[in-house]
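Can you make the complete structure from the sequences, with help from the hints?
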Amino acid sequence: MNNSVEIKNLDLEFGSVKVLQNLNLEIGKGEFLVLLGSSGCGKSTLLNCIAGLLDVTAGQIHINGNNVTWSEPSERGIGMVFQSYALYPQMTVEGNLSFGLKNAKLPKTEIAQRIKRASEVLQIEPLLKRKPAALSGGQRQRVAIGRALVRDVDVFLFDEPLSNLDAKLRADLRVEIKRLHQNLENTMIYVTHDQIEAMTLADRIAIMRGGQIMQLGTPDEIYGQPINKYVAGFIGSPSMNFLDGRIKGREFEFGDLSIPMTGYNFVNGSPTDSETTLGIRPEHVVTGELVGNAPFQTDVTVGLIEPTGSDTLVDCELAGTPFRVRMDGQAKVSVGETLRIGLNPSRASLFDKQTELRL
Amino acid sequence: MSNGRPSQLFRNKSAKIAAIPMIVTALFVFVGGTAWTVVYSFTKSGLLPRLKWVGLDQYERLWSTNRWLVSIENLIIYGLCMLVLVFVIGFILAALIDQKIRFENTVRTIILYPYALSFVVTGLVWQWILNPDFGIQSIVQGLGWESFAFDPLYNADIAIFGVLIAGLWQGSGLVMVLMLAGLRGVDQEVWKAARIDGIPAWKTYIFIVIPMMRPVFITTLVLVVTGIVKIYDLIVAQTGGGPGVSTEVPAKYVYDMMFRANNLGQGFAASTMMLLTVALVVIPWAILEFGGSKNRG
Amino acid sequence: MVDVSPSTLSGPQGPKPRKVISRRNIFLYGTLFVVAIYYALPLYVMIITSLKGMPEIRLGNVFSPPVEVTFAPWVKAWSEACTGLTCDGLSTGFWNSVKITVPSVFMSIAIASVNGYALANWKFKGADVFFTILIFGAFIPYQVMLYPIVIMLREMGIYGSLGGLVIVHTIFGMPILTLLFRNYFTSLPEELFKAARVDGAGFWGIYFRIMLPMSVPIFTVAVILQVTGIWNDFLFGVVYARPETYPMTVALNNIVNSTQGVKEYNVNMAATIITGLVPLTIYFVSGKLFVRGIAAGAVKG
Chain G
1 MNNSVEIKNL DLEFGSVKVL QNLNLEIGKG EFLVLLGSSG CGKSTLLNCI AGLLDVTAGQ
61 IHINGNNVTW SEPSERGIGM VFQSYALYPQ MTVEGNLSFG LKNAKLPKTE IAQRIKRASE
121 VLQIEPLLKR KPAALSGGQR QRVAIGRALV RDVDVFLFDE PLSNLDAKLR ADLRVEIKRL
181 HQNLENTMIY VTHDQIEAMT LADRIAIMRG GQIMQLGTPD EIYGQPINKY VAGFIGSPSM
241 NFLDGRIKGR EFEFGDLSIP MTGYNFVNGS PTDSETTLGI RPEHVVTGEL VGNAPFQTDV
301 TVGLIEPTGS DTLVDCELAG TPFRVRMDGQ AKVSVGETLR IGLNPSRASL FDKQTELRL
Chain Z
1001 MSNGRPSQLF RNKSAKIAAI PMIVTALFVF VGGTAWTVVY SFTKSGLLPR LKWVGLDQYE
1061 RLWSTNRWLV SIENLIIYGL CMLVLVFVIG FILAALIDQK IRFENTVRTI ILYPYALSFV
1121 VTGLVWQWIL NPDFGIQSIV QGLGWESFAF DPLYNADIAI FGVLIAGLWQ GSGLVMVLML
1181 AGLRGVDQEV WKAARIDGIP AWKTYIFIVI PMMRPVFITT LVLVVTGIVK IYDLIVAQTG
1241 GGPGVSTEVP AKYVYDMMFR ANNLGQGFAA STMMLLTVAL VVIPWAILEF GGSKNRG
Chain R
2001 MVDVSPSTLS GPQGPKPRKV ISRRNIFLYG TLFVVAIYYA LPLYVMIITS LKGMPEIRLG
2061 NVFSPPVEVT FAPWVKAWSE ACTGLTCDGL STGFWNSVKI TVPSVFMSIA IASVNGYALA
2121 NWKFKGADVF FTILIFGAFI PYQVMLYPIV IMLREMGIYG SLGGLVIVHT IFGMPILTLL
2181 FRNYFTSLPE ELFKAARVDG AGFWGIYFRI MLPMSVPIFT VAVILQVTGI WNDFLFGVVY
2241 ARPETYPMTV ALNNIVNSTQ GVKEYNVNMA ATIITGLVPL TIYFVSGKLF VRGIAAGAVK
2301 G
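Chains as they are written, first to last, in my numbering: chain G, 1 to 359; chain Z, 1001 to 1297; chain R, 2001 to 2301.
For the record, the hints were derived by calculation from the structure and aren't laboratory data. All residues carry an ideal CB built from backbone N, CA and C; glycine is no exception. Among the hints, erroneous ones may be present.
[To be verified] Which chain Z residues stay away from chain R? Per the calculated CB distances, all over 12 angstroms, these: (1) G1055; (2) R1067; (3) I1076; (4) C1081; (5) R1108; (6) I1110; (7) A1116; (8) M1212; (9) L1223; (10) V1245.
[To be verified] In silico lysine-lysine, DSS-like type, Cα no more than 30 angstroms apart, as pairs: (11) K1203/Z - K108/G; (12) K353/G - K18/G; (13) K29/G - K2016/R; (14) K2125/R - K1016/Z; (15) K1203/Z - K102/G; (16) K1052/Z - K1230/Z; (17) K2016/R - K105/G.
Laid out in structure tokens, this is it:
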């Protein structure tokens, strides 16, 4: 049994609303899985089901080979970290860490050992005697992680743990969580709506929408070969350019342009003739001297420039459709100028216009 | 500096005019009225207030009057029982209602409606239910328990508990509503965290949730205590202070002295003692609640 | 991913089996049922007693439903019952209460809302000092201020009149209502107020054209709070009114607790229920807003 968590045919309904539909998911030992989606997609609900905080309508949940579908949350061998930290405000940090253990009647020495280890790992030893109100947001979240850590379990669940922190702290703690995972080698399931968090932390990402998993794959796969138009548009910032046209043989015809799709890996061989959407990320459009190597080249007129420092976004039109290009921050462009751009079809994505599935 | 600016006094003129009723009430009625009563409690006022100083005479007489001592004793018994029971009942009811029960609105409506009724109505209806000839006592006796005796309104020893039953009926709904609001204000994720930690529900309430509700408890405490000290209408309607003087309370003593016995000085002294009692509760609370925030700005 | 068909699952699956009649549910609903009976019983007793004739009352107990329903006690309570001196029932008291409550509610809310608005949006030096005094004033036992107000009203020549009672209710309603309105107006976006000022609106212009239309819910809460509070008042009625201006609560107490004559329990209960009818109606109709009113009284700003 190499899977740490297995979810089989899971359904969850609130009254007549189907929140989760026939979900199947296998998470390997030591894997870092991120559940990613916009709000209301069911990602937090799924996490609560795994934790046992919600009763499922149908299906099973296995953790470490045990069927825990009917088990209490505390018996499932999980630790959980919440968005609001959910620390017990009237207890010291030490009290927060030890309360569950004392309640489980663990020996005092064992409790002390576990707290010592957890506070060393998280560097919260100086805070042990303080109350949560006297801690900063980042420190609180560390204590919350510590509370999961002392439970000495194999599976950690994170429910948007960094959403209440400001941008700088979020980036710092993200790195720490990643380091923690590398050191502990626990299974971690992490819910977020932040794609940067998902991409940086995950071994695999599950993109959820409408209570179903749209795509499950490594960050690379999700980014490079999105399974459908939704995933393609959801991942990546600025978001992918979509051009509606037709595929004819190996040519994508779009307005008066015809883009050869040489080098593109079709999922089920190339279709003959159908309405298709071409997706190309702004950062995959080349400019300057690199254009020469691109299989397809054309000219666009610069409409709007958004410099961000590290790079510059150029808004233009490609055969009448809005189109964005990402250039180096140092590149010199001005509005109204004609810009030569090049596309590489092997890095693009094609979707069926009706089904929105990847071709 | 102030060139061309209207003088300080006339800035915000409309706001100041609008605030006149508040200023008058605060200064003349609340501060002035209270000070007046306290001052006149040191005088020999009878039918009419007179500035004839008698020092602490009124207080000495007050504390040697049997009726006042009984009033104080009643207030303490009633107050302590009320305080403990209203919190226990109010909290338990709130916790039960918070269990995602069905018919929540119905239950809440039934428990709170007595609070909408006046103390006079409350007192009269309980006077009727506790009537020994027709009420609870006669029913239990009618069921075959001939020796059963429960006539709090006719038995001086337990009369104050008859009032307590009515007071609890009227006031526990309020505490329940406040506690329920407090429970609903507790972060749901804390409950989830406690379940993951394997803490049983009763322990979560005692060690985590109740400590988190401290502000609600304190506010409720202040409300309940000030309500207890003011208790008057309920007694007048339910027992009229009797049998004998067994259910007399300070507020009734004040009224009777001022408006029946033409002994204003006693009334002033007694009401000043009531003020003192409330101050003993409210001032520490105010320091706790607002004292800290002044330092923070 | 391979879909596993449901039939291949074995062992626990789906929702955890729960008995509807679990020990927990029996305890929970059982307790709540008993509690609900305890709270509802007095209302039931009031109603059935008021519908019985005196002979039936003497034979039965307070909980048995009426065999023969009669409305005579209600009629008597309304127009004939004796208060010791006069025998014109509760009707006089009822109309006195209406005459006291309506202007008191209007005046106290008008003054307190303007106060709250001034405190929230037009802070002037010293405003908070007066406000703090006002809030502390809410905790002072009324008994302390009873007599000074008697003197004030006597000096103004309105001691014993309905007008005097209206002033007293306005004064004692001010702390809680001012707090209510101040907190509400503070919670409104300040940009709105600033925008109106930039557009040239003044103190009263903003109050009437911006704040009032946005504050219907809080005014409703205030009306509920005041109507029940003033209707239920007994102390001020007994101190500041004369027998001919006594509000309903005082009249009720005088009818029921008058020592003369035979006790007519059915008439007493009819009178009691009639007196409770106004606040009860408000309570049952307003529901959540009533709760909001008392919660607002408990939340300190």
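Margin query: Of all the hints numbered above, which does this structure not satisfy? Sort the numbers upward.
Written below: Violated hints (numbers, rising): 5, 6, 7 and 9; every other hint is consistent with the structure.
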